[in-house]
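Read off the chains here:
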Amino acid sequence: MLLAGPNGAGKTTLLRLCAGLLPLRAGTGEVLGVDLATGRKRIRRAIALVGHETFCYDDLTVLENVRFAARAAGCEPGVGEAALERVGLKRVANVAHGRLSQGQRRRLALANAIARAPRLLLLDEPHAGLDEEGRAVLEAVVAEAPQHDCTVMIASHELELARRLVTREVEIIAGQVHPLPAAAPAPRPEVRV
Amino acid sequence: MTLKRVFLALTLLALGATAVLALWVTPPRENEGFDAVRLLYLHVPCAWIAYLAFGITALASLLYLVPRTRHPSWDLLAGASAEVGVIFTALMLIVGSLWGRPTWGTWWAWDARLTTTAIMFFLYLGYLALRRSGATVAERGKRCAIAGLIAFIDVPVVHFSVTWWQTLHQQGTVFNPKLDVQIDGSMAFTLVLAVAAFTMLYGYLVLERFELAQLEEGREERELQLAIAERVRTERSEQVVPA
Amino acid sequence: MSFLREAALVAGKDLRIERRSRVALQQIVPFAAIVVLLLAFALDSDSTMLPRAAPGLFWAAIFLATVLAVGRSFGVEEANRARDGLRMSGLDGGSIFVGKAVAVAVELFLLEVVVGIAVVVLYDVTVRGVLVLVCAAFAATIALAATGTVYGVLAGGLRARETLVPLLVLPAVMPVMLGATRAFQAALDNAPGDAWPWVQLLAVFAVLVCAAGVVAFGPLLEET
Numbered sequence: 001m002l003l004a005g006p007n008g009a010g011k012t013t014l015l016r017l018c019a020g021l022l023p024l025r026a027g028t029g030e031v032l033g034v035d036l037a038t039g040r041k042r043i044r045r046a047i048a049l050v051g052h053e054t055f056c057y058d059d060l061t062v063l064e065n066v067r068f069a070a071r072a073a074g075c076e077p078g079v080g081e082a083a084l085e086r087v088g089l090k091r092v093a094n095v096a097h098g099r100l101s102q103g104q105r106r107r108l109a110l111a112n113a114i115a116r117a118p119r120l121l122l123l124d125e126p127h128a129g130l131d132e133e134g135r136a137v138l139e140a141v142v143a144e145a146p147q148h149d150c151t152v153m154i155a156s157h158e159l160e161l162a163r164r165l166v167t168r169e170v171e172i173i174a175g176q177v178h179p180l181p182a183a184a185p186a187p188r189p190e191v192r193v
Numbered sequence: 194m195t196l197k198r199v200f201l202a203l204t205l206l207a208l209g210a211t212a213v214l215a216l217w218v219t220p221p222r223e224n225e226g227f228d229a230v231r232l233l234y235l236h237v238p239c240a241w242i243a244y245l246a247f248g249i250t251a252l253a254s255l256l257y258l259v260p261r262t263r264h265p266s267w268d269l270l271a272g273a274s275a276e277v278g279v280i281f282t283a284l285m286l287i288v289g290s291l292w293g294r295p296t297w298g299t300w301w302a303w304d305a306r307l308t309t310t311a312i313m314f315f316l317y318l319g320y321l322a323l324r325r326s327g328a329t330v331a332e333r334g335k336r337c338a339i340a341g342l343i344a345f346i347d348v349p350v351v352h353f354s355v356t357w358w359q360t361l362h363q364q365g366t367v368f369n370p371k372l373d374v375q376i377d378g379s380m381a382f383t384l385v386l387a388v389a390a391f392t393m394l395y396g397y398l399v400l401e402r403f404e405l406a407q408l409e410e411g412r413e414e415r416e417l418q419l420a421i422a423e424r425v426r427t428e429r430s431e432q433v434v435p436a
Numbered sequence: 437m438s439f440l441r442e443a444a445l446v447a448g449k450d451l452r453i454e455r456r457s458r459v460a461l462q463q464i465v466p467f468a469a470i471v472v473l474l475l476a477f478a479l480d481s482d483s484t485m486l487p488r489a490a491p492g493l494f495w496a497a498i499f500l501a502t503v504l505a506v507g508r509s510f511g512v513e514e515a516n517r518a519r520d521g522l523r524m525s526g527l528d529g530g531s532i533f534v535g536k537a538v539a540v541a542v543e544l545f546l547l548e549v550v551v552g553i554a555v556v557v558l559y560d561v562t563v564r565g566v567l568v569l570v571c572a573a574f575a576a577t578i579a580l581a582a583t584g585t586v587y588g589v590l591a592g593g594l595r596a597r598e599t600l601v602p603l604l605v606l607p608a609v610m611p612v613m614l615g616a617t618r619a620f621q622a623a624l625d626n627a628p629g630d631a632w633p634w635v636q637l638l639a640v641f642a643v644l645v646c647a648a649g650v651v652a653f654g655p656l657l658e659e660t
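Chains as they are written, first to last, in my numbering: chain X, 1 to 193; chain P, 194 to 436; chain S, 437 to 660.
Accuracy of the hints is not assured; some may be wrong.
One side of the interface only, derived from the structure: several residues of chain X facing chain S at Cβ under 8 Å [unchecked claim]:
#1 Ala19
#2 Leu21
#3 Arg44
#4 Glu53
#5 Thr54
#6 Cys56
#7 Asp58
#8 Leu60
#9 Glu64
#10 Phe68
#11 Ala69
#12 Arg71
#13 Gly74
#14 Cys75
#15 Glu76
#16 Pro77
The calculated label-pair distances, taken between Cβ atoms and stated as ranges, are [as the list claims (entries may be wrong)]:
#17 Arg261/P x Leu32/X: 21 to 29 Å
#18 Ala140/X x Met437/S: 25 to 33 Å
#19 Ala322/P x Pro23/X: 23 to 31 Å
#20 Ala596/S x Glu413/P: 39 to 47 Å
#21 Lys90/X x Arg415/P: 49 to 57 Å
#22 Leu196/P x Thr151/X: 25 to 33 Å
One-sided excerpt, in silico: chain P residues whose CB lies under 8 Å from chain S [unchecked claim]:
#23 Ile312
#24 Phe315
#25 Leu316
#26 Gly319
#27 Ala322
#28 Lys335
#29 Arg336
#30 Ile343
#31 Val351
#32 Ser354
#33 Val355
#34 Phe403
#35 Glu413
Hint data in this document are derived by calculation from the structure and do not stem from the laboratory.
In this text, a Cβ means the ideal position worked out from N, Cα and C, and glycines have one as well.
Just chain X, with the same shape it has in the complex (with noise of 0.2 Å):
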């Protein structure tokens, strides 16, 4: 699914809402069968959030950063490295997080998502920083989710690119939770994954 809307609009903190990070403070929300406001810390480990920053130690490799988010899932041995050859950074595997390109970051992050085999996976932006070959990749990893029992919520104003990787699409203008006072009721997005 694509969330469209303008920058400001909304999409990330939408995303962090299903990710479980923000808590709900007014209306109701279900990720994945799981209440929102009672259960938001259960459902982390069967969602993945490729989001701005990486969550990643720059002093690690990029070997051990998969594996650290591998193991820390729960993941046999062995996950965090098929995730690095599905998204290309077999060759740079111990390089130091701190010092790859951003296009690199970016693929790593997505590594450490799969690898953890999440039931929803949320990106933020997926395309910014990517090259060709990264785009590809992206590509192939969305287009690859329905087999594995993954739905894949994307954010983003790359409206072409996007369009090419959802079957579904819904915009956010200004969304907020809390109705406005003294003014008309605006569009309050409630979402059901």
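Following the hints, complete the assembly by docking chains P and S onto the known chain X.
Below, chains P and S without anything else, positioned relative to chain X:
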């Protein structure tokens, strides 16, 4: 006249009575020309208030942490009480030092009570610094509550360790930390009155600070709402596609 | 994954980062050594006073170094929003606490060996009661690392984190300072029997803080 004004008036009255009694009515210590003992009427209440204030902070912190009783007011109360507590702790240390000089011959003594008080002072100074680092209750609430509780639990631990350290440290101590005062009837009464008056002062100060904090907190929320309203208005003025 | 294995994973990660970046080795150890020197100069290198003051000066250097070590432990979590990564990882808050505290403790142990040697050499100390010294150091280090880790996560993500942590940690660990210096003093004075009660105090403090940390770390990590 509002209730608060009445309370303030009564507080000032009590403080005034205490001052009169302390400074003029009660006798000075017999074998001393310098009636430093009068400082005790200030020092002892300050000590009491400090412990009361930090106890309230701990209680309010606990109430904030427990989900069933969670309410932003508890966080504001904890902060207000801690601020007053820190002020009185500082006052206590200063007055105690002023009393110690003529009594013990020194500005400071490493006895258990003084040392613990000094550490307590810094514990809560850190707590206040922590409070300033988050703008709204939501941002700082849990952290400050936990920090407040840790500080409160730490104080008896510190006191215990320092007492122990002290008994080993001083062989035949010159400094008698106990209040070596013959309790005259009028002195006892003045002391009790002083404690009561200062408790009222504590209550008033915390009340004022709490209300101020509520206003500050409300201002953050109002500014946020205004910003959102402004935002939606500008969005609506452009062409939008409904979700 | 079991609690201990999760903790081991986190500790391993932190220690691996240290081995790679060598911040403790190249910055914190020299800092502690400089403090030892500084204090010696401050006391005018009085040859009779330094050995007496050695336990206190030793622990003063270690306490200051602890603040740096904790700052580093949480500094790596700030970059790249690794903190959010830990939250998403599904690791239990208590095990992350134990892992990070253990990593800091290991660094501190190694530091204590180095600084200990420096103090013995520079302050002309005769070492006695090694068993007591080791036990006291063990308990004190655990207490320090645990307290630092609790405040480290408490102040995490705040603007003034680096200056807040020392202000929060140092008053709170005063009992550890007292216990550790008294225990060391008793051991060096050839009266190890006097030291054991202090070791007990240190152990109790350590246990209390660890319990608090295991419980509070998860919720504190959630604070953005």
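Among the hints numbered above, which are violated by the structure, and what are their numbers in rising order? Per hint list: 14, 15, 16, 20, 22, 34, 35 violated.
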